[in-house]
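S.K.: If you're matching them up, the sequences are chains A and B in order.
Per the working numbering, the first sequence starts with residue 91, numbered consecutively.
Per the working numbering, the second sequence starts with residue 49, numbered consecutively.
Don't read these hints as lab results, they were simulated from the structure.
Using N, Cα and C, we set each Cβ at its ideal position, and we do this for glycine too.
Wrong hints could be hidden among the right ones.
Looking from chain B toward chain A, a few residues come up when the C-beta cut is under 8 angstroms (computed) [stated by the list, open to error]:
{"#": "1", "residue": "Gln-110"}
{"#": "2", "residue": "Pro-136"}
{"#": "3", "residue": "Arg-139"}
{"#": "4", "residue": "Ser-141"}
{"#": "5", "residue": "Pro-145"}
{"#": "6", "residue": "Leu-146"}
{"#": "7", "residue": "Trp-177"}
{"#": "8", "residue": "Ala-230"}
{"#": "9", "residue": "Thr-261"}
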Amino acid sequence: MKPSFHLIIASVLGALTATAGETPAACCAVLPTEKPACCAPVPAAKPACCAGEKPSAPLSDKSLYQLEGEWINDAGQPTVLTSLRGRPVILALFFASCEYACPVLVHDMKRLLAALSDDVRPTIQRVLVTFDTTRDTPAALRAFRERMELDSSWTLLTSTPADVQELAMLVGVKYKQDARGQFAHSNLITLLNGEGEVIHQQVGLMGDVSGAAKVLNESGK
Amino acid sequence: MNALIITRVPNPLRHLFGVVLLGSGMMGATLARGEDAGHVGMALIPAGTYEPQLRNKDEPEQVAVGAFWLDARPVTNAEFLEFVRTHPQWRRSRVSPLFADRAYLADWAADLELGDRIPPDAPVVRVSWFAARAFAKAHGKRLPTTAEWERAAAAGFSQAIGATEPGFSAAILNWLARPTPAPLPNVGQGRPNLFGAYDLHGLVWEWVDDFNTAMTTGESRADTGLERNLFCGAGAAGARNLNDYPGFMRAGLRSSIRANYAVPNLGFRGARDLNLTTDSSL
């Protein structure tokens, strides 16, 4: 209980300071060069890069990327959700020590990818967000990446409990930790368009992915 | 502004149960110490336990809840109006549909006008979880957790356990039996509970921070890895107290709403951690 409250407070403070000052500097400073759309054209030497050069158009009012907050990937690097902007995303919430559902969920995501047309598949970003913010350190996420054989097209993220909770609320994922540390949780794969708007949700495990594949194949055109 | 009178006790935080809080309508009641000014209008809920209404077989019957501050009354329309005045992104016309659906503040006359039908001192309703959370954050507070809210609301008018206090459960059931009145009554009209908190029952339902942990609907049948014992009928079999009808109502409500829903009889109140450094001078 206690530590998580501190984290929440820290995140509140973080959000306050972030809105007060120059917002997105973090995404440029530390992210690897191949990744983020927002930083790519900016020379790495300029630290104040993003301040004036954010993607110009404001986010749509249905974009999940309106969520502020700082996220950490499995390389331990901070990032923001808007760095996903530009290309469609398949997103799922999970936790790495999951015994049953999460590996199946990832398998379902892979089945979905396999069902995509060859020209669309490489354009889709794969994102896994943990709600086990205590145990799923970047190292634990890295181990999950290796175990599940996820290549560099997959992004694994963690954040504060409050930020993860808001994202979960937005996509309608419920989760609850039981006494053994396992989470009961919704199994949902959410598809986002390039603007971060939900365009489809696949509910349940081992289902038919053709509907979701169709949505993505068409969104890529 | 009503104030809580916090009577001084010798060694307070080590004797939290000795702290007596009186909900008071007296104007100008003096606060015990300057530090308490930050908690004006809040009731100290002493440490206790929460017994989940529905639980997994692996979960404990009782959950320990630390002491915390809880708003003595639900947030009012007037207070929320002031918030949207200073936080334009939460005005009805501007809020993102992700964060509040179309019913958000829909009964207000306009963005910044309550109108004749909305009493300023009635609890604000038709607010989403995101909006409630933003309001709380703007006031240096947060939403109470389910465990905290239930812990506070389990107390009777004069006894620690309301369920066994004569007349307490009947008063709640009486409220549930009546349709929601329009307009809603003002906050703080009823009887405060043992801790000085008003309206936990009898006025509106309230958001809790972790409402989305209530998994009693579709999730337990279709899309979760939830234990089978939360299935429909078996869910009731695993319930703590089959007579706690209001408890089932709240659990059912929490599992049926989403964070951007704005519901006609769903309001909220803020909570705050107990600060062991600054609150210890109570």
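S.K.: For every hint, state whether the structure bears it out.
M.R.: So, going through the hints one by one against the coordinates:
Hint status for Gln-110 (chain B): violated, given a least beta-carbon distance of 12 angstroms to chain A, over 8 angstroms. Restraint check, Pro-136 (chain B) versus chain A: the minimum CB separation of about 14 angstroms is more than 8 angstroms; hint violated. Nearest Cβ of chain A to the Cβ of Arg-139 (chain B): about 13 angstroms, over the 8 angstroms cut. The hint is violated. The beta carbon of Ser-141 (chain B) comes no nearer than 12 angstroms to any beta carbon in chain A, farther than 8 angstroms, and the hint placing it at the interface is violated.
Interface restraint check: Pro-145 (chain B) against chain A, minimum CB-CB distance 6 angstroms, threshold 8 angstroms, status holds. Because the closest C-beta pair between Leu-146 (chain B) and chain A is about 6 angstroms apart, less than 8 angstroms, the hint holds. With a least beta-carbon distance of about 7 angstroms to chain A, the hint placing Trp-177 (chain B) at the interface is held under the 8 angstroms criterion. For the restraint placing Ala-230 (chain B) at the interface with chain A, the shortest Cβ-Cβ distance is roughly 29 angstroms, beyond the 8 angstroms limit, so the hint is violated.
Interface restraint check for Thr-261 (chain B): the shortest CB-CB distance to chain A comes to about 4 angstroms, inside 8 angstroms, so the restraint holds.
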